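Asks: Here is what each chain is made of, one letter per residue.
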Amino acid sequence: MLGWELPPHHSGGMGVACYQMCKELSLNGIDIEFVLPYSAKFDINFMKITGAHPQSVNEVKFAGGIYDISGYSNKTVNWNETKLNLAQQHDLFAHNVAKLAEYSEFDVIHAHDWLTFKAGILAKQITGKPLIAHVHATQFDQSAGNHGNPEAREIEYAGLSMADQIFAVSKYTKDVLIREYDLPADKIHVVHNSMEIDSDIDESHNLHRYLSVMKSAGYKVVVNIGRKTIQKGLPHLIEAARKVININPKVIFVLAGGGEQDQELVDLAAKFGISRNFVSIGWINGKELRDTFRSSDVFVMPSVSEPFGLVALEAIGYGSPVIVSKQSGVSEVLNNCFKVDFWDTDQMADMILSLVNNDSLARTMWQSSYQEYKQQSWKKSAEFMRSRYHHAVGVV
Amino acid sequence: MSKSIVLYLHAHQPLRVKPYSIFQAGVDHNYFNDEAVNTETNNKFIIDKVSEKSYLPTNRILTDLLLENPEFKLSLSITGTLIDQLEQWRPDVLQSFKDLIATGKVEVLAETYHHSLAFFYSRAEFVKQVAKHTAKIREVFGVTPTSFRNTELSYNNDLAYWADEAGYKAIITEGWDPVLGWRSSNFVYRPSYTKDIRLLMKNYKLSDDIAFRFSDKNWSEWPLTTEKFSHWAHEAGHGGDVINLFMDYETFGEHQWADTGIFEFLRVLPSEWLKNTDHGFKTITEAAEHYESKDYIDCPNTITWADTERDLTAWLGNDMQIDAITSLYDLEQPIINSKDEQLIEDWRRLQTSDHVYYMCTKWFNDGDVHAYFSPYDSPYKAFLFFMNAYRDLTSRLVEKGVSI
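Residue numbers (our numbering), protein chains in the order written: chain A, 1 to 396; chain B, 1 to 404.
Just chain A, with the same shape it has in the complex (with noise of 0.2 Å):
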């Protein structure tokens, strides 16, 4: 398996994914390899990790990632720096992973998203070996819904042609692979992802003082976390949070993720004069992760184009009701939910207030949700990519 990122190393939702995904998937007697571009500890014992590159994650960082491909460019190869950028990364691991094709072992290759792709191609010249290209967000997406960088366009494009089979993460992304890129529809097969929290954490307090203060005072908290990006369709939830404060001032937003918006969102809430309800973090993790998402009444996602959309399920896990954009693959698998277009944000204003102001439909919409999460498991899926690991090698 051929992947950028896994925790406690990773930056976004692919690499939790990626994590529960093999676990399941060695539970259903698959041996996994998965190789990554960096080498780094990690407390996993169910698979096989090997760097394909003796560095650390932060070499790998510093390039940017599969999140940051704003800077991405062959053209732009410099391999006089002394580090190295995220399109020598990209050859680097390739070129690395072609190597081990060589003297390995194994019956399918399974590529994560279009940073591996290359990989994957190659380790499939080598060895004949059948390859699946598995789609966690497309270029689409990350530019919410323009281009993309061509480069990296292209690089997907090969991939996905080159794939025997591609596994995509919702039938929302299997429709943007179809259109974007002409695929064949009976190539691309739907594999949901699902959510697992640990239930050993510390819960006895909650490090959010000030928005555990103000709930007493009948505050309530709406919360996203993730990546301050276009892709996210937060200036949106800003518009609607200044909807919802001119009905109810009782309500502060928490935004917490890095990304490139932040300063914008900072601007445009102050814009709106409701600073005093906006609260932005920056990157989080851990136990701060935790508590924020304990703090929320509730939880949005306004993505312009979310392939899945697994901080929902999270949110739902720790015990927020959501509200989803319909541009998401995670809208497919819940019902128990508000699913509301990114822009119609009078509509995304409503359900929010609605939410707060009722404390029945928030209990009642999250306790369905909660049983809709729990049916969610990667025993469905990782049984799924068995077979078409069967199909892929002959064995069916």
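Hints listed in this document are in silico derivations from the structure and should not be mistaken for laboratory results.
Since the structure is predicted, the reported quantities are computational estimates derived from the model, not experimental observations.
Treat the hints with care, since some could be wrong.
Derived, one-sided and incomplete: chain A residues facing chain B with beta-carbon distance under 8 Å [said to hold, decoys possible]:
#1 Lys271
#2 Ser275
#3 Ser280
Just so it is clear, CB atoms sit at the ideal spot from N, CA and C, and this is done for glycine as well.
Position chain B relative to chain A; hints supplied.
Replies: Structure of chain B alone, referenced to chain A:
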């Protein structure tokens, strides 16, 4: 004596907010006590630095000059937030200010205790802060101010009207050309719609020759000698009465470092100026009482002594600044009603204009961050930490059961 230099120095240090996260809000109420060593938000570190570089050597020179030279005198304003910090960390420096004022030749001006923009947001709060400052000046220095300066020399007709009603003899502001029109800043004026008060306006050309250009080697007049400067001052505004040199106290040793020769300049300037027997020095109130006012000055719009715009846009120029300050002043009633002295004091400390100044994006957008002195590496950080401190205030109110 026909022509007087009116030297006025303004001493101020804010209590900077430390890097303060949302997870500290409601837990750690000490936003002003950064204990990180030698950082720009460690207020004690800054006080120590500025004391050594500026306050101590300047007070030494000025006190000597005042004692040696019967004609020399000056005016001073010193904010409550600076006095508080000196009391806490540098009583020796506070003593040097006391010694300076004990010469009896230094006029101390009234202003807001917390160097705030309260006049533009809450008249009631403004009046309280001025009273608090006057009480502090009396307590520490044993003098009672008779003239008024508002934060950043911000000024308009309303402020002059208020100061007149409050009984001040004089008020000061920038000698800004669009307000002066064809007139010169080198005379005493009367603000429109007032009865008794006089207005002194900064000669920004000559003031800035010292405060900003003194060490600029690209300036065609560098190096600036006392002879040259005295000559300019003499020539300025033919027949003028006053040369109003208004500047930050920290000009000496901090904005202009010792190695620029600024201290030597200061040491010699009085005697050089007084070589002409027609020349003298006056404090602000003395000048207001001594010279006849030449005209009324009408100033409906607010001016300040900052930037090329001479307005409030360095403090209230972008949405972040306006939203931050509006959020803060909207807490006035609940904060005052809480009757919690510490809470009220923390709220007032956040009113210090420097906090919103650090959020200014005017220069940040030009990439000219060096032109802009801030302990934070971006205006967004300044806003973030400030708003988190604001949230701590609100949660403290809520915990006391005060509705906000």
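Asks: Would you mind marking each hint as holding or not holding in the structure?
Replies: Going through the hints against the structure:
1. Lys271: 4 Å, holds
2. Ser275: 4 Å, holds
3. Ser280: 7 Å, holds
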